[in-house]
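Sequences listed follow chains A and B, in order.
Following our numbering, the numbering of the first sequence begins with 5 at its first residue and continues without gaps.
Following our numbering, the numbering of the second sequence begins with 624 at its first residue and continues without gaps.
Please note: incorrect hints may appear among the correct ones.
[To be verified] 30 Å max Cα-Cα, derived DSSO-like pairs, lysine-lysine:
| no. | chain 1 | residue 1 | chain 2 | residue 2 |
| --- | --- | --- | --- | --- |
| 1 | B | K693 | A | K165 |
| 2 | B | K693 | A | K157 |
| 3 | A | K427 | A | K445 |
| 4 | B | K637 | B | K693 |
| 5 | A | K427 | A | K358 |
| 6 | B | K693 | A | K111 |
| 7 | A | K358 | A | K445 |
| 8 | A | K157 | A | K111 |
| 9 | A | K165 | A | K111 |
Derived from the structure by calculation, the hints contain no laboratory data.
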Amino acid sequence: MNNLVVLPIIIPLITGLVLAIFNRQIRLHRLLSLLATLSISVVAILLMNQVAIDGPQILQLGNWEAPFGISLVADMLSAILVLTTGIVVSCCLLYAFASIGRERELKYFYPLVLFLLTGVNGSFLTGDIFNLFVCFEVMLVASYVLISLGGTKLQLRESFKYILVNLISSFLFLVSIAYLYGMLGSLNMAHLSARVAEAGQVGLLIPVSILFLIVFSIKAGLLLFYWLPGSYSAPPAVIGAIFAALLTKVGAYAIIRIFSLIFYHDPQITHSLIGILAGISMLLGAIGAVAYWDIKRILTYNVIISIGLILAGFASFNQIGLTGSVYYIVHDMLVKALIFLAGGTVIYVTGTSKIREISGLIQLHPQLGWMFFIGTLSLAGIPPLSGFVGKVLITGGTFQADYFWLGGIGLLTSLMALYSLMKIFMNCFWGNTELTPEMEKGSTRGLLFPIGILAALTFLLGLGAEGIYQYVELAAKGLLDPGIYIGAVLGSNPIP
Amino acid sequence: MKKSNDVILRTVAKVASVIIFTFAINLFFSGHHNPGGGFIGGLAFAAGLTLLFLSYDIASVYNNSMLDFKVLGAVGVLIAVLTGVAAMVLGKSFLTHNVARINLPLFGATQLATSVIFDIGVALAVIGTAVTIIMSIGNDRQ
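Turn these sequences into a full structure, and let the hints guide you.
Shown next as structure tokens:
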């Protein structure tokens with residue numbers, strides 16, 4: 005029993021509720037929400053160290069023993085992701101203070117972000133598949149409101165599509181949980197894993213596993229991503245950044261968790277399918293990123309490329325590939341937030357997102373330009389930035405698993421992603437300075453600091469890769485050996 | 624606007640809503656061992672409020688109750704979560720509940736469970752949410 009595990013879920017929940025009660029005190033909102041996200045990061049660091057020493061940390065809610073009650077499980081992967089989430093959302097909140105505007109703040113912006121965080125952390129930490137569904141819904145309901153908050157025409161149009169797509173995938177999610185429960189009689193993920201190992205992953209379990217894959221592919225934007233570019237570019241930059249950094253990663257996390265803990269017996273079918281999906285979505289995402297001349301579109305298509313890359317590492321399903329995947333998720337959460345915020349600042353300053361209409365910003369905003377450049381290089385995987393380590397490991401993993409084509413696509417699309425972002429950089433920051441400070445639509449005051457933190461973090465993550473490597477490696481080991489997870493959850497109880 | 628003739632509806636609603644509220648509280652307390660509990664009790668209570676909204680109007684009910692139902696919902700969830708936190712403070716797992724049998728005057732041997740506090744939170748959350756939804760749909764025309 006370790007009550008620390010529940011704190012990343014209830015800290016944002018309680019803070020959000022208190023803020024919803026005092027809904028006119030914007031200063032209080034800013035202070036408490038930042039405090040909440042920072043304390044989540046602290047709790048996550050404590051958890052990481054405990055997991056490194058004692059193995060996965062478990063909390064049985066209400067003291068009900070494992071397969072009967074709901075378990076919360078913090079293994080290394082969960083703890084790392086919760087930590088990254090805390091840091092990224094802290095930076096996004098700092099950015100929101102200066103940019104989101106009083107109207108949205110009064111309409112419960114900060115409580116909504118905190119509820120979103122409740123759902124995200126809940127999804128990372130839960131050890132119960134129905135609870136995973138509930139946490140997904142908490143996250144999605146908060147995101148429905150955030151995407152339409154402000155009520156501009158574009159936002160309303162895109163939120164309608166977003167809600168429809170997510171309702172359908174949630175429905176399929178529920179159906180697949182019902183099938184699984186009907187066949188195996190349990191909802192506890194560790195218990196499910198033990199039962200699948202006992203019964204063998206045969207017969208109807210294979211279509212059910214594919215159904216889970218479809219559901220999470222919709223949520224993660226893996227191949228079934230057609231809703232994503234529109235939805236993520238509709239809301240203000242900071243909301244887009246939170247979505248791009250967190251929401252698709254939760255879907256990717258769910259795929260990684262389900263297919264490493266429960267359905268890992270038949271990688272010929274499931275994992276090679278994930279590999280194919282990852283390859284196609286990397287290619288399609290890269291084509292989209294290269295084709296468009298609009299900052300928001302290019303950035304959202306880059307989200308799809310990185311989801312493909314993360315799951316390409318997972319599909320290889322060996323120590324190197326998985327280590328790369330985990331490392332790349334952390335890197336991608338930081339860098340996606342970085343380039344979304346930097347790109348959003350460009351749009352905020354110039355008032356347009358079409359890169360052909362912008363030029364020469366480097367004269368007026370040198371810091372912004374160079375930070376965007378750092379983000380670009382990091383995303384492309386130039387050493388010593390953080391993307392390099394992840395890409396090397398993922399490519400190594402796919403080569404080791406004989407998926408040479410997958411590694412090849414990963415490298416090719418990295419180049420295309422680099423081209424698409426350099427296109428933004430060269431068009432917007434180079435050239436003649438047409439804009440004068442008086443013509444700017446908004447000032448960058450307060451916006452550069454959070455971007456700077458994220459840029460520094462991607463440096464640190466790249467240079468200090470040695471330091472966090474042991475944690476990431478431990479996370480990958482946990483994924484390869486489900487016995488660790490099962491043993492921690494079910495303890496010494498005989499498996500019923 | 625023409626003043627509507629709804630004397631019968633209003634008279635019945637006054638009596639009926641009291642009955643519905645009583646029934647809702649009865650439903651709330653019969654939970655745990657019998658059908659009922661915070662969620663259903665809260666929904667029944669919200670149904671009674673909806674009847675008042677229909678027969679009178681939103682403004683007069685709102686002015687009489689002096690409650691912000693959004694805040695009520697938030698307070699409800701907060702109570703529910705804090706019962707879980709209380710267990711944590713006492714060194715138990717989050718959400719652990721306890722029960723005691725106490726002889727109360729008038730009621731006799733009564734089972735007092737901490738999960739009732741959790742359920743009160745659930746009921747308030749359901750009332751707050753349901754009424755907020757109904758009011759925001761009802762306010763659409765303005």
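Broken hints, numbered, in rising order?
As far as the earlier hints go, not one is violated by this structure.
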